[in-house]
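J.: The residues making up each chain are set out below.
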Amino acid sequence: MGRYLLRRLLQLVPVFIGTTFLIYWLVWSVPGDPFAGKCGDRGCPPNYRAMMTEKYNLDESIWVQYASYMKNLLQGDFGITFGGREISDIIATSYPNTLKLAVVALAIEAVIGLGAGILTGLRRNGFLDNLVLVSTLFLIALPVFVIGFVLQWLLGVKWGIINPTVSNEMRFSELIVPGFVLGSASMAYIARVARTSIAENRRADYVRTAIAKGLPMRRVVGVHLLRNSLIPVVTLLGTDLGALMGGAIVTEGIFGINGIGRQVLRSIVTKESATVVGIVVVLVVVYLVMNLVVDLLYAALDPRIRYE
Amino acid sequence: MSEQSAPGADGSGRPSGRLLEVDDLRVEFRTRDGVAKVINGVTYHVDAGETLAVLGESGSGKSVTAQTIMGILDTPPGFVTGGQVRFHGKDMLTMSPEQRRRIRGEGIAMIFQDSLSALNPVFTVGFQIAEQFRVRRGMSRSDAKKRAIEMLDQVKIPNAKGRFSNYPHQFSGGMRQRAMIAMSLALDPEVLIADEPTTALDVTVQAQIMDLLGELQRERQMGMILITHDLGVVADVADRIAVMYAGRIVEEADVYDLYRKPAHPYTLGLLNSIPRMDEKGQELRTIKGLPPNLMNIPPGCAFNPRCPMAQPVCREKVPPLLQLGNGRASACHFAEELVNRD
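Respectively, the protein sequence lines represent chains A and B.
Each residue of the first sequence is one higher than the one before, counting from 0 in numbering that gives the first Met the number 0.
Each residue of the second sequence is one higher than the one before, counting from 0 in numbering that gives the first Met the number 0.
Just so you know, the hints here were simulated from the structure itself, not pulled from any lab data.
Glycine included, C-beta positions come from ideal geometry on N, C-alpha and C.
Among the hints, a few may not be true.
Stated by the list, open to error - Here are a few chain B residues that sit away from chain A, every Cβ distance over 12 Å (derived from the structure): (1) D73; (2) V79; (3) L92; (4) L115; (5) M179; (6) P319; (7) N339.
Said to hold, decoys possible - Part of the chain A face toward chain B, derived, beta carbon under 10 Å: (8) K157; (9) T208; (10) K212; (11) L214; (12) G252; (13) G255; (14) K270; (15) D301.
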């Protein structure tokens, strides 16, 4: 297990360098003057231009720019925006909000999606099974913004059950509906994958053995069947975890949540290239770490992977 | 259909003091293509300390009978449509699911054919054995582990202590089947059903596993039902043999009697198809034709299309399983002639 972990950690290094370089290169080579529109109608004063050019090495080649950026980054310096604000500051204020929303969405996906999947997988073709199949198809087919706006309008405006937008305190009770909206499609996929997986393994020989041992049905399903059926579900949840942590541009926008998704969108629109790169670098790291966590979880669930 | 009365039993259908009895069992598989009559009135029994071998080709219904006894028949498609399975005289088919569950493992245990798929791949072998002691006997984790290691020792797995925490895929086929045996014997069952326990193994390992099973059966005075299609496996271990064909018992006899003088042409065909050293180089003798389609069993004797002795009567009347004395029974119109010939 230790060797496996070490190998996987080493694999992260080239992936990290490759992805961050690509992002850096793409973001900074957007055509147009990076100073256009930054200082109102009159254009930026020459000394400011000189300072920022120096700061980002704008007159150097892309390689030098990237190298000096990475050098600062590895020392914890994300740089500043064109307005002079610390980029690490922006990330530090908005990222916790994204995390909170992601945790709520993931919990909803896991609890409702997995629950529905297990119940319908054990008892196929019943009323519940058909209900779940139809409703999950519905959730998969509808774009997130439709679900978001409809729920916001119905629950928040028409019936007044929730606040239409989330307050700055980001209470968990306020995040249930946005979390549901964000996790809806994945929840539907998880329900379907879990259903298929349970139904498939339900007839497996080892389940039959567990029954023949005279174990209570609760244990046959809860221990023997579930542990095997969870493997594909965990893969799905894991990939989704990375996506959720990457911020939710649409959901954050609808419910007015100041998360990383909105920050990155705003930075792209205002050509705050340094901010875009900074945020995306963080997201890449989060994504890579989450992937590693899933792989480790995978190995923990299935010993056949662990001992390869 | 005219059917035989229960042979071997006292004929009244009442409790007879037998350990496990299958009485006129009928099972059908309802599929989209039609109804397959898989078990058509099977009757056999096993007492403490004896081994009954159930012999037959694949599709003859020997495994389905075992699954019905264990209560692990897949329903749907499988449905029991008649008969009884009595354990200590009580019909298990009318028991509550909870009553049946308690019998599994403690009263009747089962060993499966393919130990790799029959053991759960994500739990250690030790866990799967110790689980029996923890869940069914309420033992603590450490006591259960101790008992599980003892069980592994009893089935002669070397370094049982170290093997406890291995996963099924880290065992060889023979060792895995030993672990499977240890697991099924953990709760000291009265009846052990072994469903083709050696089919998936190398020939040399087959003999070892059969020896082990025979030894454990004698030691514990269990009733054992050994399901197999391999006549060679049967001879050393079994006391009695029941031969199945198309969901019925066609012959039942002592091992010795059956080998010496089969009372059914199907059994005769099976015995003749064993390759022999003195016939080296000659063509193997086989039973011509294929087993019948269970959705469309031929009228009369199900074996008649393949039978070298078939007469017009075989196509009209289902031969009942007739008692021939000495615990022998045969479902052939010409059983007497077969037995009385030299």
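J.: Could you run down the list of hints and mark each one as holding or not?
T.: Hint check:
For D73/B, the requirement that its beta carbon stay farther than 12 Å from each beta carbon of chain A is not met, with the minimum near 7 Å. Every C-beta of chain A lies more than 12 Å from that of V79/B, the closest at about 16 Å, which supports listing it as non-interface. No beta-carbon of chain A comes within 12 Å of the beta-carbon of L92/B; the shortest separation is about 16 Å. A Cβ of chain A approaches the Cβ of L115/B within 12 Å, the least distance being about 9 Å, so the stated non-interface status is violated.
For M179/B, the non-interface assignment is contradicted: its Cβ lies about 8 Å from the closest Cβ of chain A, within the 12 Å cut-off. At roughly 33 Å from the closest C-beta of chain A, the C-beta of P319/B stays outside 12 Å, upholding its exclusion from the interface. Look at N339/B: its CB is around 43 Å from the nearest CB on chain A, clear of 12 Å, so calling it non-interface holds up. Violation of the interface hint for K157/A is found here, the shortest Cβ-Cβ separation to chain B being roughly 47 Å, above the 10 Å cut-off.
The beta carbon of T208/A is positioned within 10 Å of a beta carbon in chain B (closest approach about 5 Å), and the interface hint is therefore held. At a threshold of 10 Å, the smallest CB-CB gap from K212/A to chain B is about 5 Å, leaving the interface hint in force. About 6 Å separates the beta-carbon of L214/A from the nearest beta-carbon of chain B, less than 10 Å, and the hint is met. Among the interface hints, the one on G252/A is violated; its C-beta lies about 42 Å from the nearest C-beta in chain B, farther than the 10 Å criterion.
The restraint placing G255/A at the interface with chain B is violated, with a minimum CB-CB distance near 44 Å, outside the 10 Å limit. The closest approach between the C-beta of K270/A and any C-beta of chain B is roughly 51 Å, which is over the 10 Å cut-off, so the hint fails. The beta carbon of D301/A is positioned within 10 Å of a beta carbon in chain B (closest approach about 6 Å), and the interface hint is therefore held.
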